[in-house]
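Given only the sequences and the hints, what does the whole structure look like? Please build it.
2 protein chains.
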Amino acid sequence: MSIEEKLQEIAKLIRYYSLISSTNAGSGHPTSSLSAADLMAALLFGGQFRFDVDNPDNPNNDRLIFSKGHASPLFYAQWAAAGVLKADELMSMRKFGSRLEGHPTKAFNFVEAATGSLGQGLSMGVGIAMNAKYVDKLPYNTYVLLGDSEMAEGSQWEAMQIASHYKLDNLTGILDVNRLGQRGETMYGHDLGVYENRISSFGWETIVIDGHSMHEIHAAYEKALHHRNRPIMIIARTFKGKGVSFIENKDGWHGKPVGKEELESAIKELGPVDKSIRAEIPKPEELKPEETPGVEIPIPSYDLDKPVATRKAYGNALKRIFPAYPDMVVLDAEVSNSTFSEIFKNEYPDRFFEMYIAEQNMAGTALGFSTRGKIPFVSTFAAFLTRAYDQIRMGQYSDANIKYCGSHAGVSIGEDGASQMGLEDIAMFRAILDSVVLYPSDAVSTEKLVEAMAGHKGISYIRTTRGATPILYNNDEEFHIGGSKVLKKSEDDSITVIAAGITLHEALKAYEELKKDNITIRVIDLYSIKPIDHKTLLEAAQRTKAFITVEDHFSEGGIGEAVMSAMTEMHIPVHSLAVRKMPRSGKSAELLDYEEISSSAIISKVRSLL
Amino acid sequence: MSIEEKLQEIAKLIRYYSLISSTNAGSGHPTSSLSAADLMAALLFGGQFRFDVDNPDNPNNDRLIFSKGHASPLFYAQWAAAGVLKADELMSMRKFGSRLEGHPTKAFNFVEAATGSLGQGLSMGVGIAMNAKYVDKLPYNTYVLLGDSEMAEGSQWEAMQIASHYKLDNLTGILDVNRLGQRGETMYGHDLGVYENRISSFGWETIVIDGHSMHEIHAAYEKALHHRNRPIMIIARTFKGKGVSFIENKDGWHGKPVGKEELESAIKELGPVDKSIRAEIPKPEELKPEETPGVEIPIPSYDLDKPVATRKAYGNALKRIFPAYPDMVVLDAEVSNSTFSEIFKNEYPDRFFEMYIAEQNMAGTALGFSTRGKIPFVSTFAAFLTRAYDQIRMGQYSDANIKYCGSHAGVSIGEDGASQMGLEDIAMFRAILDSVVLYPSDAVSTEKLVEAMAGHKGISYIRTTRGATPILYNNDEEFHIGGSKVLKKSEDDSITVIAAGITLHEALKAYEELKKDNITIRVIDLYSIKPIDHKTLLEAAQRTKAFITVEDHFSEGGIGEAVMSAMTEMHIPVHSLAVRKMPRSGKSAELLDYEEISSSAIISKVRSLL
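So the sequences go chain by chain: A and B.
Here the first sequence is numbered in this note's numbering, starting from 5 and rising by one per residue.
Here the second sequence is numbered in this note's numbering, starting from 5 and rising by one per residue.
These are calculated hints, taken from the structure and not from any lab test.
Some hints could be false.
Identical copies carry no separate label here, and so any pair may be met within one copy or between two of them.
Stated by the list, open to error - Mimicking DSS-like on lysine-lysine, the simulated pairs with C-alpha atoms at most 27 Å apart in a straight line are: (1) 539 to 549; (2) 99 to 489; (3) 609 to 539; (4) 99 to 513; (5) 292 to 461; (6) 110 to 591; (7) 520 to 171; (8) 489 to 519; (9) 520 to 493; (10) 316 to 260; (11) 99 to 585; (12) 585 to 110; (13) 292 to 489; (14) 609 to 493; (15) 520 to 489; (16) 591 to 260; (17) 461 to 585; (18) 90 to 591; (19) 272 to 254; (20) 513 to 549.
Below, the structure is given as C-alpha cells:
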C-alpha cells in the first residue's frame, strides 16, 4: 500500500469514529470533523509529525492544537487511530465523568490546552513555537488546526503578525476552509484567494491545496517541514461533512450528529472500514531543553524612607527573582516602560518578549509557554487586560500557570482619565476559578508577592499602582498568598478599616487623624484579595463592631464584596467605600476625594458609625 | 492665499495649541498630536468635511473619531481653531472639572465616543457608517484617525473585514504612521508597504501619502469623497513631534509634554503663528434621516403549560417590540440560530447585521450605532461576550445605549462543556458603572425585560438559558428594571431562597419537596440583579432568618455577592450556592447536581440551617 493509500484508510477509520461517537453522544460536531479528517490523518500518520505516544509530555514532541475545538470527535478519533484511546472510550464522549469532553480539555492528556472559544489556538501555538525557538531551543514543530469561520476573530491576526515578527518557521497553520459557519456561509466561502492574500500580507508563507487530496496534503506537510524564516499556512479547500453525501457541503448541519437511524447509511458511504488499523507515529529525537538550575536570591533592599511605585517594584522583582525561577518568561504589550517590566528586559533580554499592543494574543501566547512548563509573567495596564478576558477565562480550563500584572490601577492614576483606569480588574480576576488576586501597597510587599506568584502554580493576578507610595514594611517581612497584615491594632478599636494598594495609605492617614481625637481604628492590609485571610478578618469581626472596606475599584466584585463573601456567616456590617461616580481626569488626590475613597471619606464613615 | 497655504497656517495654530495646552497640563501627548496635525487641519478645514458647528448632533454632520485618543491635545486644538473652544479653555485640559479630559470623553460634546483604549475607533466608525448607509440613509461621511501602533490590535482587522464586507464607501480611515510607539519603534516603522498590502488585502482602497504635504493630503481627501463600493484608507507617512526639531522623530518623547523652559523655543520653531485665525467648516445639507414612528405592540402570548427557552423568548421579544422601538438594530456574532436573534432577522432583515465571529468589533459597532441614536441589541453566547470586555468597558464612558444578550449561560448548557459556559458574565457586567443586569427565568419575564431594556437608556445585559424552562408568569404580568417577584411566601417561612434563571426552577422544586415535610421557604425571583430590589430583600430579611442564594455562575461577583452588597447593613447571613468546581461536560441535571446548585443542594442547605 502506498503511503497515500494507507493514509486514506486511516482517514476512513477516523471518519467512522467521528460519526459513531457523536451519534452516540447525541450532540457534537461530526461535519466539522469530517472536513479536516484527511488533513489530520495525513499530519499525524504521514511520517512528518513526531510524537512519543507513551509520553505526551516529552519536550521533544511535535505539538498540535485544535483551534477549532468543536472538531473534538476528530481529535479523539485520531488518537484512537494512534492506539492511545480504545474505541470503547470514544463512546463515553460528552458524558459526565468522561475525559472526552464536548470541547477538548486537559482532562484528556493529549490535549495541549483547552479550546472551544474560537480564534485562540494560533496564539497558543505562537507561545509553544516561541518556546521551542527561543527558550528550550528544541527542534519540535507546532501545528495548529484552524477553522475558516474563526479567521474573523481579530486575535488570529494578532497571532499572525507576531508569528512572522518572531520568524516562527517552526509553526504551521492548517486552515480548514470548509466554507460553512454555524448559521450559513462564511464571509468568503470557498474563495481561498482571500485567505491567501491576507495571510501572506501578514508575512506568512502560504500553500493552497485540495484538503481532500492525500497527495497534495502530504506534499504540503513535507514543504512545511523545510521552509525557513517565516511561519507557513496550509490553506485547504475542504467540504464540511466530507464523505457522507447527505451532510456533505450542506447547510443546517453545523453541530449536529447524524441521527441513529441514518448512521448505518452514513457509514456505508465511507466504504469498508478496517477497524483494526492502528497507525504509528514516529518518535522524536531525545534532546534536552536548555535548562538552568534555580539559585538562591537576595531579599529586596529598599530604603524605608524613599517612596517607590509598586509598578516599579514589580519590575525590580522580576529581575531579582529570575535566577531562582529560570523558567520565567516576561511578556508585555508595548508598555514595558510603564509597567516597568523593562527592568527585566534590560537585564534578561532573551527572556523578554515584546508582544506589541495586542493583549489577546499576549495572553494566548502566555498560555502556550505555560503548557511547555514556563512561568510567564504578563503585564500591561490593568484596564487593558480586559481586552484578553476571554483568553484569561479559557486559561482556567487549561491548568494554566500564568502570572498577570495590571499596572495603573484605579482613579489614582490621575490626569489620563477613565479610559486608562483599571476599575473592573479585581472583579474580572476574582471570577476565575481558583485564581489568586494580589494587591500590594508598597514596594517590599510587591517584591515578596511577585516571588510568591512565581512559586504558585495557577492563574494569578497582581495589581500595581502608578504613583510612588511609602515603604510600609522591612525588607525581611514575609508575605504569602492568602495572607494579610494588621497594621494598626489596639484593645479599643471600634471599627476595622480594610484596604489594599493606594487606599491603604489613605486608611493609615485616617488612622493618624482619628487618633488625635482618641479614636482608634484597626487597619488591615488585605494584600491577598483571593484567597482571603478569613482568620484575621474573623478576629477583627469579633473585636470591632463594623468593617469599612476602601478600594480604588468599582464597588462590584472588588474588595468590599470579597470581604462580605468571607464574612457571610458572621454578623458584622461591611460598609464599602469604592468608585461609584463617573471617573474623570484630575490630580490623584482630587480623584480619591471625589470618589470618596480618600482619608477624609474614611474618617467621615468611621465617625458616622461610632 | 491658496487653500494649501491656508491649511498650513491653521496646522501651525493647531500645533501651537497642542504644545501649550500639554505643557500647561504637565502631561499628555503633544508629539502624537503633531504627527497628525496636518492631516486633521486639512480634513476639518479643507472643504470636504461638513459639520454644523452650532449643532454637533445634526444627523447630517460628517463624523470624526480619534481612535488614537491620546492625541487629545490635537483634538481640542482643532476645535479651538474651528472657534468652538476658546483658547483659554484649552488651558484647563486634564484638570479636575474640565470637559477637556486626558483622553477624549463625552464631557466635551464634539467627541462622538470616548477613546483611549487603542484599536476601538474603527469599529465605532463602522457602526456610524453602517447607520448612514443602511439605517438613516444619509450621505454623511465617517472619518477615523488611527495610529500605527494600534494597528497591532486584532479588533482593527475585525473592523476592517466588516467594513469591506458591508461595502462602507462612506468610511475613511486616516492612518498616521509616525513610526514610533510608546517604548520605541513599531513592528514596521516607516515601511508603509506593509500597511498598504494588509489593508488592501482586507478589501479596502488605499492611498499612500506624505502626511505633511498639504497638497497630497488634500488630494487624498478629495479622492476619498468620490470612491465607491469599498472603504478607503489614507496611509500617511508622518513624523511624531513634527515641526519641533528636538522632539521630531525622536525616541523617548511618547506621552511627554515639552517642559516649560523649552516651550518658547519649540514655539519659535513653528514660525509666526496667527492666533486670530478661525476657520470655517462648511455645513452639511439639511436632510432627514429615515424615521418610522413607534406604535403600540401586543403583549406576549405563551401557553402556560409549554416550556420555552428564555433564549427563544429573547428572539421572539425582539420581533414583537420592534414596531414600538423602530430605532432598534440587532447584531449577532454568527450564532443567531443559537441566540435566536434569527427570529428578528427573519422578520426584519434590513435591521439585522451579521457581524460574524468577531465580538470586539460587534461591540464597537454597536457603540457607533448608539452614538447615532439607535438602540443596538447585541447577542452571542454569554461566554463569548468576555471577548469584548474592553469595548463594553469603554462604552460606559460614552453614554452608550447598548443592550447585550448572553445566551447559553452557566453549566446548565450541558454537554458542550466549560468553554461554552458563561460563568463570569454577571460579574463582568455588574462591574460596569450604572449597568443593568437582568436574568429572567421564563419566557414571559424575558419578553417583558427585553422591552424594559429597549426603553432604558444605558448599558444593559440580559442573560438567557439554553434549555426550555416552564412558564412561570401570566402574559400580562409586569416586570421592571430593579424589580423582583416573591413566588412563594407564608407567615412561617424560615429561610429565603433567592435565585434567577435556571436555578429559580430548582428553588421551586426544593420548595415543593420541603413542603412535604411541612417546611416552607420563601422563594424570590431576582430577575433584576442590578439594580437590585432592596425593598423586597429587606422585607424577607426581616421575616426569615437566613438567605440562600443559588446561581449558575461562579461565586464571585454574581447573585450571591449582589445580595450581600445590598444587605450590608442588615444582620442576615447570606449563604451562596454557586459554581465552585471545575465545570465539565454532562447532562444539564447532572451538572447542576455536581456543582451543588440543584434542588437537592438547596434542600440540604435549607435543612442544615433549620
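Open item on the list: So, against the hints stated earlier in the document, which numbers end up violated here?
Closed with: 2, 7 and 13
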